[in-house]
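*Asks:* Got chain S; can you put chain Z on it based on the hints?
Note that the protein sequences, when read in sequence, are chains S and Z.
Going by the numbering used here, the letters in the first sequence line up with residues 619 to 707, in that order.
Going by the numbering used here, the letters in the second sequence line up with residues -7 to 412, in that order.
Please note: incorrect hints may appear among the correct ones.
Label pairs and their computed distance ranges (CB to CB) [unchecked claim]:
(1) H11/Z - G667/S: 41 to 49 Å
(2) M698/S - L327/Z: 52 to 60 Å
(3) L304/Z - A701/S: 28 to 36 Å
(4) S15/Z - I621/S: 48 to 56 Å
(5) T633/S - D266/Z: 30 to 38 Å
(6) G667/S - S15/Z: 39 to 47 Å
(7) N53/Z - R623/S: 52 to 60 Å
(8) M698/S - E208/Z: 24 to 32 Å
(9) I621/S - P384/Z: 28 to 36 Å
(10) R623/S - E308/Z: 19 to 27 Å
(11) D631/S - G6/Z: 54 to 62 Å
(12) A701/S - P171/Z: 51 to 59 Å
Quick caveat, the hints were computed from the structure, so don't treat them as lab data.
We put the beta carbon where it would ideally sit given N, CA and C, even for glycine.
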Amino acid sequence: MLIIRCPWCGERDHTEFTYGGAASVARPTPAATDQEWVDYVYMRDNSRGSHEEYWHHVQGCRQWLRVHRDTMTHEIASVMPAAMAAGER
Amino acid sequence: MTINKYSFLNLVRGSLNGHRTWSRAWRDPQPKKSYDVVIIGGGGHGLATAYYLARNHGIRNVAVIEKGWLGGGNTGRNTTIVRSNYMMPGNAQFYEWSLKLWEGLSTELNFNVMFSARGVLNLAHSDAQMDQDARRGNSMRLNGIDAELLDREQVRQMVPELDFSANARFPIYGGLLQPRGGTARHDALAWGFARGADRLGVDIIQNCEVVGFLREGARIVGVETSKGAIRAGSVGMAVAGHTGQLAALAGLRLPIETHVLQAFVSEPLKPLIDTVVTFGAEHFYISQSDKGGLVFGGDLDGYNSYAQRGNLPVAEHAMGAALAMFPMLGQLRLLRNWGGAVDMTMDGSPIIAKSPIDGLYINGGWNYGGFKATPASGWVCAHTIAHGAPHPLNEKFTLERFERGNLIDEKGAGPVPNAH
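Isolated chain S, as found in the complex (with noise of 0.2 Å):
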């Protein structure tokens, strides 16, 4: 099981969470060009060890979040709000 730490409800099993796929990707503009598009629907980085990601607190506060999660270890460094990672408030 992995415990992420939600900034609201505290440590939780990841069960309770939804996988909301790479956080390194950043949605266009309307006007960007269609390969940025497809890059943006796409395309992965898919690293192996430190990756950013999404998890949604879907059975608890229902928050975005942000984890900082290494791929090989399962190793969590840290949980922040998605709404405050992307600058926010």
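*Replies:* Frame of chain S; chain Z shown alone:
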């Protein structure tokens, strides 16, 4: 005199002198400075590609480079199921050709791959699923693939141990059977292709890791390995699970995420399940090995992982599905479980194509489906490398299909790799 060919007569001959005269199954050569083709990855797909390059295209100056031992990756980690019950154009024809190759593979390779056409049965648990199975079966038959829609009684006759009681959480309405599907021995597939390729002159080099690519201008002209530089006219990669990693060394980003898929085997039992059964209510599949162990698997763990070991919630889920189907297994003990790192693509279908970099070919993105695809994958990948252009059976498995919108999304799940 050494004995090369496996046959009953040679078995008798060998037994007369204590089996001391068998030749080794393949050589253990040092890498040459250059080859016409270098294949990275000594699993089933890489070895099959090398075999068919030599057999079908006369390209024998070929090396297969493996960082560990033959078949030590996903070739030896799957649940050995072989089937071609696909519906989408592109997939259906490709997997059917693979099944046809499987049917003659032991003879072709002079190596018993233990292919057993024991049938693959997909259960249906609602009227909607019966409709869906009818549609899939019809579309398979239109593509010349065998399919039979079974009702509840026919399923009961075939697998009476399933839960047909009034208490079944997911009552069985019927199922879709592909009689020609079945199982095979996964190690034998790697060893058979290795021996076949070696006989045709292919060098198989184990314990040799690729650490970079050699370039001349924009073109890839070889690989840098732990045993030195090896030049090549063309380089093919067949390293599913780590395709993204290796492609990154060449500067490519791919529509692939790596996930962990678990499999399980129980203690040996007397003969119980003589076919392959998949659950319709959850993602779960089960068969019985020749040693008697029940072999089964389920869902991905669901998050990016290269760990080659899985997490317990998915194990619990698989056991739950096993008991929902076969309540009689309640006292069964598990012997082993393991995980494999799999390439999950954005549409759930593979990539076998020339890469955007000259001299580099990609064979990967096998999702759940790599083992059964191995013979056809080698067949069409060899063709693609030999001709610099795809075989008709893999012309849809391009990298460009994503930007063109020509996805082959069998499940209709969209660009979410862990949902396929």
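*Asks:* Indicate, hint by hint, whether the structure satisfies it.
*Replies:* Comparing the hints with the structure gives:
1. In this structure the hint that H11/Z and G667/S lie 41 to 49 Å apart at CB holds, the actual value being about 47 Å.
2. The given range of 52 to 60 Å is broken by M698/S and L327/Z, whose C-beta atoms sit roughly 42 Å from each other.
3. Checked against the hint of 28 to 36 Å, the pair L304/Z and A701/S passes, with Cβ atoms roughly 31 Å apart.
4. Taking the beta carbon of each, S15/Z and I621/S are about 54 Å apart, inside 48 to 56 Å as hinted.
5. At about 35 Å, the beta-carbon gap between T633/S and D266/Z stays in the expected band of 30 to 38 Å.
6. At about 43 Å, the CB distance of G667/S to S15/Z agrees with the hint of 39 to 47 Å.
7. Separation of N53/Z from R623/S is about 56 Å and conforms to the stated range, judged on CB atoms against 52 to 60 Å.
8. Checked against the hint of 24 to 32 Å, the pair M698/S and E208/Z fails, with Cβ atoms roughly 46 Å apart.
9. At roughly 50 Å, the beta carbons of I621/S and P384/Z sit outside the given window of 28 to 36 Å.
10. A C-beta distance of roughly 23 Å is found between R623/S and E308/Z, which places it inside the suggested range of 19 to 27 Å.
11. The given range of 54 to 62 Å is respected by D631/S and G6/Z, whose C-beta atoms sit roughly 57 Å from each other.
12. The beta-carbon spacing between A701/S and P171/Z, approximately 54 Å, falls within the hinted interval of 51 to 59 Å.
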